[in-house]
Each structure stands twice: as structure tokens, then as C-alpha cells.
Amino acid sequence: MGSPFSALLVTVFTPLAGVALLAVVRTLSVAGWLNLGLTVLEFMASLALASAVAYGGDLTAHSFHIDALNVYLVVLTTFIGMTTAIFSRPYMAQVCAEGRITRQRMQLYHAMFQGFQFTMLLALTTDNLGVLWVAVEGATLATVLLVSLYRTPESVEAAWKYFILCGVGIALALFGTVLVYFAAQQVLADPEQGLTWSVLHASAAQLDPTVLGIAFVFLLVGYGTKVGLVPMHFWLPDAHSEGPTPVSAVLSGLLLNVALYALLRLKMLADPALANGSSPAIAGHLMMAFGLVSFVVGSLSLQRRHNIKRMFSYSSIEHMGLMTFAFGMGGPLATFAGLLHMLVHSLTKSAIFVTVGHATHIAGTQTIEHIRGLIHTQPGVGWGLLLGVAAIAGFPPFGIFASEFLVIAATMASWPWLSVILLSGLAIAFAGLFGNVQPMVYGAAPENQAAVKANMLPVVVHLLLVLWLGLAIPALLANWLNQVTVLIAGEGVL
Amino acid sequence: MNLEQLSLLDQAIFVLAALALLASFSLLAQTRLTAAIHSFAWQGVMVALVTTLVALSGIHHLYVSALLTLSLKSLLIPWMLHRLVRRLDMESEAESIGHPTLLVLAGAGLVIFCYWVALPIERLDMISTRNVIAVSLAIVVLGLWMMVARRRVVTQVLGFMSMENGLFLAAVASTRGMPLVVELGVAFDVLVAAILFGVFFFHISESIETLDVDLLNRLNEREE
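Top to bottom, those sequences are chains A and B. Sequential numbering from 40 applies to the first sequence in the working numbering. Sequential numbering from 61 applies to the second sequence in the working numbering.
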């Protein structure tokens, strides 16, 4: 790949071509492999883009803006897209062979999988706040039919709730975007540039603090709905539990990140503007409050769950809350911790959903009480679930331990009392997760339970990566995240 | 603000925005589906007219937006909804509203609240159309209120779409329209959303056999 810009174009527009291609490919096995091939291509292109940005610096051209912050999420998105496609190919073929969905819907599934990748990558790379909004809304539209893929009454209901709640939330975010544009018009010489993030960021200090304050509230509620912040989180457990498992994996691992990324970008605009107003830290404080409430509600909801996928979606709410809290706190250490947590949470959570997909297949149900003895029936899946949960619960030596430790350290330094809430929340979440998972893994297996054909490769790769990040963050990645921290918080931690 | 001091154009924009708000109220209290769809179409016409008036002051790309709004919000989407309502045999159905007076009074309260929220923004600038921010915020919030208070799938969709109307009005009146790329993107999203809503009507009526949202209650924590 020649210039960084062509790498960018390949990364972002390969999935768009994939939508068109997969919409017409009728042979299922071909579509599965094609989907996988496309995601591999996207991942390669994103690596090329990342190395180009690492050596050549930021890239701002033709309404795209690539800096250390979004390129890291682009690589993460394409990587998890790829591993999920590896898992999804045999899994969905199996689902189709069982007759749960028709061939047409498989076609829809593959096309929309790529459509979802496209909207997320567009949201991450665009320099225009309006296009960002369009792309995030597009991600909702692409996934809504995936959630209801099985067409059971429950899945239709889940998809409807998802559609309506996220639609309303995202509409409020558009109002916030309009207000940002309005504020920009008073300041910028060229009003046409009023939604261009890089231009706005350069003159953010001149934006009117009152308008930006109101705008940020709308944006926080709007994009926060997609992040899954309490009290706008009701769609999340439903959508994650009723959709096909590969969709749960990408929703939890990627979409939530993209929404949080949008919030982060907007906070970077709001903070310098609010510094001139009457309440300079309001944006951060709001994020902290929403984040902390989500964290607490998420960890309390982990207790006594009955549906395994719902349980892990509450765990997503808990972790997204923790990240929002860390980013709201600001400061180099908390920001670094939040960025690291985004990375390890995505890797772990998508690995868990893949494992859960196999586990529900073995047991033939999603009800926790009826999933028993995984480790006896199929040791690979049993161990996968156990280690995945150990990682997500924040056990050393996994990466989540490191990032949670950093969040708590940062909290100790600036808001010591809140670390009590954090620590007890983590303990409660830990108890809930293990209380539910232990019988599933170790309990007595039902008589006729048999092993299924499972592809644990994505899980192994993800968990090894998380382990590696927990033991020793490679210098390259540490520098990279440090660069992002400098970008967001003004100074680094290294 | 002294209305007489405004230019004729501004006064016209103001009146049209107020009429769009009125359409929101009629949506809120209308029990018959067909009539509610008509109210929604009229709201689209008002928004398109405001856009045309703003375009007259020299922002040419707004003519495109006006045309888009008119064709999408006041012709295509209402037509699609009409067809669906006819196909699902709901033309003559009337939805019962618990306390219509309270519903509308709460709506009026919400409008006042929106003016209060928009107060600091209006003070910023003397141009009267900025006042329309408050009106458009009110349309957004009333759409939201409608989605909360009404129990039918179709009325929820109407509430959702009228929220979009309010957002569009805000963009046009306060900032003379967003960049064209963004407006095209938003229009595309709205169109796809409208088509998806249509698809969903059939899924819901097939699998749950009703379009009453109160019966969408399978997924809760108790019965798991």
C-alpha cells in the first residue's frame, strides 16, 4: 500500500464493498469465507494505516482525521471483526443447518456484518461531527435486523426496544451536534468548517461555554444511550441476549467503544470551551456521575441472573461505566487507564461471548440453571469460560487487573472516597460472576450432554493477548497509548 | 422580543415554526391513526416551508434540503405509513388515551421548560430565528413525550419521526442548515429507519399478533 491515505480508504471502504458483494452471493459457504476474507483484508489495511500514522504522524485529509486515538480503535475494531468472523463462519453455518434461520437471512446477516463494520470504521475515522452522528445511527440501523435475526417474539421485541431507545438517544445527540455547529458559527471564519473536529479542536477555547455546556448534556445523554449508561441502558441486555452470538460479541466488544469514542472526542471540544465558563469541570463531572452509577448498577445486576448472555451484558454495562468514570475524571493516569481498559475489555468480552456461544450450544439453552458441567463435557469450552470470567472479573495476571488497578490508583489520588465505591463494586461484581459461573463450569453434567464442534482459536488468541497485556505491556503499545493520553489529557504518564 | 420589529421573513419563519409546534400537539392528542399521520405530514410541510424561506436569504443548498424534507417527511413516509395501516387493517381503530387533558397540559409544561433551557442560547444573539431553537427543542421533547405516553407502535414511530422534524428545524433555523453532506446522511438514515419501521410492523404483528406496545413485555428480569 502506497500512501497512508490509500490504506485508510481500503480500511474504511472494503466493508462497504463487502455489503454489496455479500448481498448478491447466494452460496452460504462462499459467503462465510468471503466475509472472513474481507475482515482479514480490513485488518491488514488497518495495520498498514497504523504503521503509516505511527511513523508519518497525524493524517488529516478529505474529511478524515486519523491520530493516535482513533487509529488504535480502528486496529482493535478490525481485529475483533476478524476473529469474530472466524468464529461466526462455522457457528452460523451450524445455526442455518439446524434450520433456525433461512438462507435469505444468512445473506442478510453477512451483508449487515460488513455494513456494521463499515459504519463503525467510518465513525472512528471521520473528521466531521455530523458524519460521526450519521455513522453511529447507521450502526444502529445495521444491527437492528441482526438482533431480530431469529424472528422469535423475544428477539423482535428486543430489536424494537433497541431501535426505539437508541433512535431516541441518538436524536438527542443530533440536537447536541446542531448546538455545537451553532456555537462554531459564531467563532470560525469559515462557517462551513463548523463541524470539522480538527478545526473545532484548534479553536475550542473560543467556543461559547454556555452553548457548549448545554450541547454536551445532549451529546452525553445521546451517545451515552449507545454506551449503555444507566438509566438509558435498558436496550442493552435485551439486544445482547436475543441476537445471534457473533452479533453480541461485536456489539459488546466494539459498538460500545465507538460510542464512548464519540463522547471522548466531544469532551475534548467541551473542556477547553467550558474552562472560560462558570462551571469549568462540568463535562467531566457529568461523565463521572453517569459512569459511577452505571458501574454500580451493572455490578449489582450481576447477582442472581438467569440468562447467561444477559449476565455478561450487565458486565459490559459495569465496565463501560468504569471507563466513562475514568475518562470523566480526566488527568493523565485515569485517561491512560481508561484507554487500556477499553482495549482489554473489548478483547476479553468478545472472547467470553464466543465461549458462551459454544456453551449455550452444548447445553441447548441460555438459562444458567440448565448449563452445567461444561468442563466435564468439553474441557476447552469450560476452561475458556472460567479463564474469560477470571479475566473480566479483574484477576491478576490478566490485563483488566492492570487497568482497573490504574483507575483505582487515579481515584485514590484525586477522589479518595470514591475508591471505596469502586472497590466494593468490583467485589460485588466478582461475587456475582463467580457465583453464577462456577456451577456452570464444575457442576454435574446432565446425562446426555455431548461435546460440540467448537472453534476456540479466537478465544485463545484474545485471552493470550489480555494475559500479555497484564504481564507486560509492550513498549510500542505503551508509547502509543501514552501518545493518546497526551492528546487527550495534555500530558503523558510515561 | 418585539415581534413587530422583525423583518417580514423572520415573522413568517416564526409563524411557520409555531404551526409545526401546533402540529406536534395535534399529533399528541390525536387518537385516530389516519388523522395522526396527516398531522405528521402537515408538520413536514411546515418544516419544508421554513427551510425554503431560509434558503431565500441566499443559502442555495437549502433548496435541496427543503425538497428532501418535503418529499420524505410529508409525502413518502406518510404514504408508507398509510399503506401499512391499510394493510394491517387499522384504519378505523382508535387508540384510547387515559387522560387526554393531562397529556396535553403536560405537553404545554414541556414547551415552557424548553424555553427555559434555551434561554441562555437566545440571549447570545439578536437574530429572531434563534428563538426557533426553543420551538424546535419543544417539538423534539413533545415527540419524546408522545413516545412515552402513547402505547401503539405506529404512534411511537410518528413520535420518533416528529422528533427528527424538530431536529431538522433546529438545524435550519439556528445555523442556516448543516453542511449538505451531513443533511444527506441524516435524510438517508431517516429513510432507512422508516423502511425498517415498516419491516418491523410486520414482524411484530406476525410474531406477537398485536401492535400494542404494552404487550411487548416478554423480556424482563422476573420471568427469565
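Check the hints yourself; a few may be wrong.
[Said to hold, decoys possible] Below, a sample of chain B positions facing chain A; criterion: calculated Cβ distance under 10 angstroms:
hint: 1; residue: 134
hint: 2; residue: 135
hint: 3; residue: 226
hint: 4; residue: 239
hint: 5; residue: 241
hint: 6; residue: 243
hint: 7; residue: 259
Hints in this document: simulated from the structure, not taken from any laboratory. Beta carbons: idealized from backbone N, C-alpha and C, even for Gly.
Less than 10 angstroms between beta-carbons is the criterion; does residue 134 of chain B satisfy it with respect to chain A?
violated, 19 angstroms
Hinted contact residue 243 of chain B with chain A - closest CB pair below 10 angstroms
holds, 8 angstroms
Double-check residue 226 of chain B for me: the hint is only fine if its C-beta lies closer than 10 angstroms to a C-beta in chain A.
Interface hint status for residue 226 of chain B: holds (8 angstroms vs cutoff 10 angstroms).
Holds or violated: the hint that residue 239 of chain B contacts chain A, with Cβ atoms closer than 10 angstroms.
Holds - the Cβ of residue 239 of chain B comes within 10 angstroms of chain A, reaching about 6 angstroms at its closest.
Closer than 10 angstroms between Cβ atoms is the bar; does residue 241 of chain B clear it against chain A? Give me holds or violated.
holds, 7 angstroms
Holds or violated: is there a CB of chain A closer than 10 angstroms to the CB of residue 135 of chain B?
violated, 22 angstroms
Agreement of hint residue 259 of chain B with chain A interface, Cβ distance less than 10 angstroms
Nearest chain A Cβ about 7 angstroms off; hint holds.
The structure fails hints 1 and 2 (numbered hints given earlier, in ascending order).
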